[in-house]
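Here the structure of chain A is known, so what remains is to put chain B in place on it, guided by the hints.
Residue numbers (the working numbering), protein chains in the order written: chain A, 1 to 286; chain B, 287 to 539.
Just so you know, not all the hints are guaranteed correct.
As the list claims (entries may be wrong) - Beta-carbon label-pair distances, calculated as ranges:
#: 1; chain 1: A; residue 1: Val102; chain 2: B; residue 2: Ile372; range: 42 to 50 angstroms
#: 2; chain 1: A; residue 1: Ala270; chain 2: B; residue 2: Glu525; range: 56 to 64 angstroms
#: 3; chain 1: A; residue 1: Ile190; chain 2: B; residue 2: Ala365; range: 37 to 45 angstroms
#: 4; chain 1: B; residue 1: Ile380; chain 2: A; residue 2: Ala270; range: 26 to 34 angstroms
#: 5; chain 1: B; residue 1: Lys429; chain 2: A; residue 2: Val139; range: 38 to 46 angstroms
#: 6; chain 1: A; residue 1: Ile255; chain 2: B; residue 2: Met423; range: 30 to 38 angstroms
As the list claims (entries may be wrong) - Selected chain A positions facing chain B (in silico; Cβ < 7 angstroms):
#: 7; residue: Ala166
#: 8; residue: Asn176
#: 9; residue: Val179
Claimed, not checked - Derived pair list, reagent style DMTMM-like, types lysine to aspartate or glutamate, alpha-carbon separation capped at 20 angstroms:
#: 10; chain 1: B; residue 1: Lys390; chain 2: B; residue 2: Asp368
#: 11; chain 1: B; residue 1: Lys355; chain 2: B; residue 2: Asp381
#: 12; chain 1: B; residue 1: Lys293; chain 2: B; residue 2: Asp381
#: 13; chain 1: A; residue 1: Lys180; chain 2: B; residue 2: Glu391
#: 14; chain 1: B; residue 1: Lys293; chain 2: B; residue 2: Glu414
#: 15; chain 1: B; residue 1: Lys371; chain 2: B; residue 2: Asp358
#: 16; chain 1: B; residue 1: Lys426; chain 2: B; residue 2: Glu410
#: 17; chain 1: B; residue 1: Lys293; chain 2: B; residue 2: Asp368
#: 18; chain 1: B; residue 1: Lys294; chain 2: B; residue 2: Glu455
#: 19; chain 1: A; residue 1: Lys180; chain 2: B; residue 2: Asp368
#: 20; chain 1: B; residue 1: Lys491; chain 2: B; residue 2: Glu455
#: 21; chain 1: A; residue 1: Lys156; chain 2: B; residue 2: Glu391
#: 22; chain 1: A; residue 1: Lys180; chain 2: B; residue 2: Glu414
#: 23; chain 1: B; residue 1: Lys294; chain 2: B; residue 2: Glu404
#: 24; chain 1: A; residue 1: Lys180; chain 2: B; residue 2: Glu367
Derived from the structure by calculation, the hints contain no laboratory data. The beta carbon of each residue, even a glycine, is placed where N, CA and C say it ideally should be.
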Amino acid sequence: MSSFGFGLITAAVLAIATVGFTMQFAVTNVLNLAYGSIMINSAFVAYYVNQHGVTAWVALLGGVATGAIASWLLNRFIYTPFQRRNLAPITVVIVSLGVDLVGTFGLQAIVGGGYVSFNQSQGHEYHILGMLLSGLQLVIFGICAVVLVGIHWLLKYTRLGKAMRATSANRNLARNSGVKTQFIISTTWIISGALCGLAGTVFAMNAGVFEATSAQLYIVLLLAAMFLGGPGEPYGAMFGAVTIGLATEVSAAYINPEYKDVVAFLVLIAMLTFRPFGIFGSEKTN
Amino acid sequence: MSVELSKKGLVLTATGLAAGYDGRAIVSGITVEATPGKVVSIVGPNGSGKSTLLKSLVGVVKVLDGSVKVGDTDITNMAPEDVAKIGVGYVPQIDDVFPPLSVKENLEIGGYLLKRHEVNERIEAVLEFFPKLKAMMTRKAGKLSGGERKMLAMGRVLMLSPSVLVLDEPTANLAPIVATQLLEEYIRGFANFGSTVLLVEQRAKAALRISDWTYVLGGGRVVLEGPPQDLAQNPIFVESFLGGGAKAHPPKD
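Isolated chain A (complex conformation) (with noise of 0.2 angstroms):
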């Protein structure tokens, strides 16, 4: 049942993340792998103003901040310049690649290789349903209910959700209808950057201690989780990330926990073969 808590909170911090990464994808058409290096690199801005004194949960806006700024820059002074050459999409995949590399490592030589943590209580412990959770990881789900339900709002009845679902759609029909894309698009960056700074951020408090390549492999999870919901179906992100979640963790009771991402990688390989357009996605629109 322990296992069963661990995989919830996984998928918690996974269901943010995975949205924010298909929903950047769905829009702005970049499949953007150096998701990951940006959570690590909001967690660790995030961690110096939190050992500046102030609170871990004020601290965790910094963390949002950071991924929401250093996604737009991003966009705006990497991706869109090749976008714009009219490159293959595979060329910005690559890009992003490099990025990842270069912002997980550049950290690593920033703050060097050793682990650090939040000054941050994991507060009481709670038996519920036979898991055994703390109260950080309970205010983790709160935050995480917050952000599904909130995101939900913004795709379904807000002008700029259904503007954002459209370009995703079909972006040159978007235009025609009026629609400023770009504004969109740049909107979608800092939106989707802001979820993943604040994944990033929760990763780490809910981790304890964490280091500048804790979120190296976290691509594959996010992959894993956006693949099995559909690309670009931000409520298949939700269902993936409690699939892959629960999936990895409740593994690590049975395998070795160092190879529970070896679940993640064939869940990966048995969509992308069997059904690559995921469970609620249709071949017709992927």
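Leaving out everything else, chain B in the frame of chain A:
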């Protein structure tokens, strides 16, 4: 029509137009004019540049030479979102709706430039024109039939009360009976109301029936033009587009 569906038309003029991709002209030396209250059609064989011409008028394809005007406004190479803003509604041949969005959401995006309180009012007006859409407001556009989808595509552009409607093969892939209804009831209806309608149509006979003026494109240039009655008497046109020897029905007055 109890609510004004579109604004009174403006003259759309392309003069000496050349347009294409990567600096290479697909169409050149094109001069066309569409006027309010008239249906102006463009016919021609596949690959003659009809769709490229329409796309260049609405800012989707780059104009390499010449100019495009709507009324007194020069819209040459204007961004598509700004072309929509000045009152040109464009329905592409394919990818004409947002499949994952519901019918209502498609109409809302069509009315993106409207003030918040105007959107529902406009949706009501569009539904009055396309009452069949009323029963499918929550259905995803990707699940509609060809005819329903085309109605939605037109409904989407009508949300902004356009002065000029630019329609690229609206009857493509539609059953003949649906195509006829779309052309004769709805598209002719827009012009009768005073809108300017520029239409690319593969079904030459059907296009002639509803048009006031027709341009014939071949090899990226206008090779013939005139009122449909005259074209229907032109042996070259009849041979090429009306199945040789077949007589076109004269357009309705």
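task = Determine whether the Cβ-Cβ distance between isoleucine 190 of chain A and alanine 365 of chain B falls within the hinted range of 37 to 45 angstroms.
result = violated (22 angstroms)
request  = Please work out if lysine 180 of chain A and glutamate 367 of chain B have their alpha carbons no farther apart than 20 angstroms.
outcome  = At roughly 6 angstroms apart (the allowed maximum being 20 angstroms), glutamate 367 of chain B and lysine 180 of chain A satisfy the hint.
ask   = Regarding the pair lysine 371 of chain B and aspartate 358 of chain B, is the alpha-carbon distance no greater than 20 angstroms?
value = Roughly 15 angstroms between the alpha carbons, so the hint for lysine 371 of chain B and aspartate 358 of chain B holds.
query = lysine 491 of chain B and glutamate 455 of chain B: Cα distance at most 20 angstroms?
reply = holds (13 angstroms)
Hint consistency between lysine 293 of chain B and aspartate 368 of chain B [alpha-carbon to alpha-carbon, up to 20 angstroms] = Answer holds: lysine 293 of chain B to aspartate 368 of chain B is near 17 angstroms, not above 20 angstroms.
inquiry  = Does aspartate 381 of chain B sit within 20 angstroms of lysine 355 of chain B, going by the straight-line distance between their CA atoms?
reply    = Violated: lysine 355 of chain B and aspartate 381 of chain B sit about 26 angstroms apart, past 20 angstroms.
task = Could you tell me whether the CB distance from isoleucine 380 of chain B to alanine 270 of chain A stays inside 26 to 34 angstroms?
result = Given range 26 to 34 angstroms: holds, Cβ gap about 33 angstroms.
Cut-off 7 angstroms, beta-carbon criterion: hint that alanine 166 of chain A touches chain B = holds (5 angstroms)
message = Check whether the Cα positions of lysine 294 of chain B and glutamate 404 of chain B lie no farther apart than 20 angstroms.
response = holds (19 angstroms)
query = Are lysine 293 of chain B and aspartate 381 of chain B close enough, with their CA atoms no more than 20 angstroms apart?
reply = Answer violated: lysine 293 of chain B to aspartate 381 of chain B is near 25 angstroms, above 20 angstroms.
inquiry  = Need the status of pair lysine 156 of chain A, glutamate 391 of chain B: alpha-carbon distance at most 20 angstroms?
reply    = Distance ~9 angstroms between lysine 156 of chain A and glutamate 391 of chain B Cα, so the pair holds.
ask   = When you check the alpha-carbon spacing of lysine 180 of chain A and glutamate 414 of chain B, does it fall within 20 angstroms?
value = Violated - the C-alpha atoms of glutamate 414 of chain B and lysine 180 of chain A are around 29 angstroms apart, more than 20 angstroms.
When held up to the earlier numbered hints, the structure conflicts with 3, 6, 10, 11, 12, 18, 22 and fits the remainder.
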